[in-house]
Amino acid sequence: MTLETPTANSFSLPFGEQRNGPLYGKDILSVHQFSREDLTHIYTVAHEMRGMVARIGTFDLLKGKILANLFYEPSTRTSASFTAAMERLGGSVIPINNVQYSSVSKGESLPDTVRTLECYADVIVLRHPEVGSCALAAQYASKPVINAGDGIGEHPTQALLDLFTIFEELGTSDGLSVTMLGDLWNGRTVHSLARLLALFNVKLNYVSPDVLKMPDEIVAELNGKGISQQAFTELDPILPETDVLYVTRIQKERFESQEAYDAVKDLYVITPDTMKQAKEKMIVMHPLPRVGEISMEVDADPRAAYFRQMEYGLYTRMALLAMVLGKA
Amino acid sequence: MTLETPTANSFSLPFGEQRNGPLYGKDILSVHQFSREDLTHIYTVAHEMRGMVARIGTFDLLKGKILANLFYEPSTRTSASFTAAMERLGGSVIPINNVQYSSVSKGESLPDTVRTLECYADVIVLRHPEVGSCALAAQYASKPVINAGDGIGEHPTQALLDLFTIFEELGTSDGLSVTMLGDLWNGRTVHSLARLLALFNVKLNYVSPDVLKMPDEIVAELNGKGISQQAFTELDPILPETDVLYVTRIQKERFESQEAYDAVKDLYVITPDTMKQAKEKMIVMHPLPRVGEISMEVDADPRAAYFRQMEYGLYTRMALLAMVLGKA
Amino acid sequence: MTLETPTANSFSLPFGEQRNGPLYGKDILSVHQFSREDLTHIYTVAHEMRGMVARIGTFDLLKGKILANLFYEPSTRTSASFTAAMERLGGSVIPINNVQYSSVSKGESLPDTVRTLECYADVIVLRHPEVGSCALAAQYASKPVINAGDGIGEHPTQALLDLFTIFEELGTSDGLSVTMLGDLWNGRTVHSLARLLALFNVKLNYVSPDVLKMPDEIVAELNGKGISQQAFTELDPILPETDVLYVTRIQKERFESQEAYDAVKDLYVITPDTMKQAKEKMIVMHPLPRVGEISMEVDADPRAAYFRQMEYGLYTRMALLAMVLGKA
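In order, the protein sequence lines correspond to chains Y, D and U. Counting from 1, one number per residue, gives the positions in the first sequence under our numbering. Counting from 1, one number per residue, gives the positions in the second sequence under our numbering. Counting from 1, one number per residue, gives the positions in the third sequence under our numbering.
What the hints contain is simulated information worked out from the structure, not anything from laboratory work. Don't take each hint at face value.
The list treats identical chains as one, so a pair stands whether inside a single copy or across any two.
For lysine to aspartate or glutamate, the following EDC-like pairs were computed, each having C-alpha atoms within a straight-line distance of at most 20 Å [claimed, not checked]:
#1 Lys143 to Asp299
#2 Lys143 to Glu311
#3 Lys265 to Glu234
#4 Lys265 to Glu297
#5 Lys213 to Asp236
Make the full structure from the sequences, and use the hints.
What follows is the structure, given as structure tokens:
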């Protein structure tokens, strides 16, 4: 629908029209939709995006393309990341951030809203508090819908950027010992990442209080794929062999009493002391925001990868936008 | 004030600087300001916009121009539509969507706000809950102001896009039988559209419960222009001859009792059964959002034009922005 | 990090890469950071921006650069002004206007937020209700942070634009008699402007009710710099010699009783009658929004400079953005 952008070619981009690319015209709804080959393809493009941003900052691959950034609940980081991804590709954004006050409050249904927005935009990024809302939207939209989090459901681009972080920082994910720490029961982030990692030859370690352990359903699913999994209530035993430490937040509200919370909370705070027991070559990740799970003293440690993780998020989302729009 | 955009010419656009165009530098405040000739001119440009979007998606006709999109009350669709219109023309947008929290809450007057914003922007789109606010803003602004809805007053770009939809879908509006259905008493949309249609040789049919009939004032105004008008309380008698069925929402709150509401509400719901009685070549329109007035089963009917109507809104607003800025 | 924009050169801009410019890579946090030479440099660029906007409206000096416009409290004018400044320079904006609903509400700290946003953007504009927040942000960010107001702390770009207004309107600030009127106790605006003016050879006159007089600390600071200062409770004695009348708002809440407020409020309202006592060549300024401090009848007086002041704000912010990004 859109003219080729000559500027893109003049930068000698490694990109071209890829209308037969594996994600062209597709929705990004769930980590379940990706094969190992898809991931390789996405990360090849994301890595190229990283290089392009380092070299020229912004380029016109998606010039003339418009993203409707539809957020039914606030998420500064995810919204800003998609906006930046589109703008660094030369595209434009329609920001729709306060839908609680909008025509949705007049009773408009999600299918009607997305069918309206696709009259204006080329791709829709949707954040919504209800599980399944993105699949519903995609069913009605003829243009690509990207799930930016639907309640306790999925947040596939978070999982994709998490895995991309591991690839870029450690060069591979095969053979790695990945330790997930904190609230593994409620964490949609760790659930999705675990499922993506199951496509590779990894060892997964779960460290959490018993009430917040990884759900049996996921453990069973990954067992079925032959993934080695171990559960711990403390970090110490497994930290020394850990290649990737993925920290998540434990919310006080998950516990029955203040005492129950106080009993475990300090076990799961990462400090410079903690880091002394870790490998020299390993990384600490966190989906952010953090609220004390990693002390700020750790930030200066080169193994602290959580801010670089945000940056990898930019490249991952640039890759996804370019691919669903047939430009990479 | 802005340099000619060479890119525009390189696309062989049918557009050029039109500083003597009929809308150059003008405000868009009311449907009353348009003659039949103006409409022809607007729709010629809007039709060209449609072709350009189909061929190249986005182009640089308004590159370097800035729109201040000033919304004192939320309206996702209208706001997104103007944003997309400006972005598809290569221009930029200053989104101002939450004015309840802004300097207006410090007591700033509308005249001061628009005189401030026109220091930054080239054109102002204004949505405001008070009747007459856009005229007030236009009185103080030296740059064009476009009314995006002022309370129960006017919403001229909605009426313009409604009429453009009729032209594009049916090729003309002369000779048509246009049936307006639902709440005709409170509907600023149908009032404005009726007034625009009165410039053409149409027959207007009003279908509503008695308490929600078309106001006498408007009926009298259109009678004075020789427009044939008929009122009904049911759709059945007039549906078979209808070329355009314009459906609006009936709000429960308009009725004195639940019984009074229940008595009429089902009479005005459009279903596939309803459509069996309609002409083969006709269109169903709705300003959206709908809340059950048209069942979702009707969406697949090619006569269901309400989503295409949203798209025509984009072209209409692109035309208006280009024209008031002297570029079409 | 970003490719040179050939478009910029093709407009024969007086701008080029100035990676050794005095503000390149710097934060803009406080008026205290500027020397007289810095101001001369900033205003030379701002004046060039004024000329460029007059001639071509928008140009591509910052094409490909991204501004994160991070507002923790609403400020329509300041936010719109920075957005317009970035867009007129060809750059893009990530608008973040409702942080009360965002990850900050999940407890994210400001240092983490800015370190996240600088993964996406090239420069961060920050408005925050707490004094010192911008300095804190700048301490953690590796990219430039521009203070757009931190509580009762500083609002340096307001002071810079105020002084630029004086330069552009009166050609100099040396030798001027500058009268500040209204609430001089709480006005961060007049405090910052007074400090900037102290770099020049000016005479400062303070007109306020006794309870709202200029704080002793600032008077002492400026005395130490040899600035002549006089305090008044009425405008009449000093108006005839005034070159710049800087009006600020007096809020009823600052007074102990309605009577105390009523006793002074009318003394400080500028009307056409007031203007009869003023010089023929002088200017009236106001940071806006006004709520009756200057009657609307004064707006037509050519000496009323407060809307032009908004426009100078655009040029000042364009200059600052270009300079911190090494492009001017």
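Cross-check of the supplied hints:
1. Taking the shortest Cα distances, lysine 143 and aspartate 299 sit within 20 Å of each other only across copies (17 Å), while inside one copy they are farther apart (40 Å).
2. Taking identical chains as interchangeable, the C-alpha atoms of lysine 143 and glutamate 311 lie at most 20 Å apart only when they sit on different chains, with a minimum of 14 Å there against 27 Å within one chain.
3. In the homo-oligomer, the alpha carbons of lysine 265 and glutamate 234 lie at most 20 Å apart inside one protomer (11 Å), although the nearest pairing across protomers, at 62 Å, exceeds that limit.
4. For the homomeric pair lysine 265 and glutamate 297, the shortest alpha-carbon distance inside one copy (18 Å) is at most 20 Å, but the shortest distance between copies (53 Å) is not.
5. In the homo-oligomer, the alpha carbons of lysine 213 and aspartate 236 lie at most 20 Å apart inside one protomer (17 Å), although the nearest pairing across protomers, at 62 Å, exceeds that limit.
Checked against the numbered hints listed earlier, the structure breaks none of them; every hint is satisfied.
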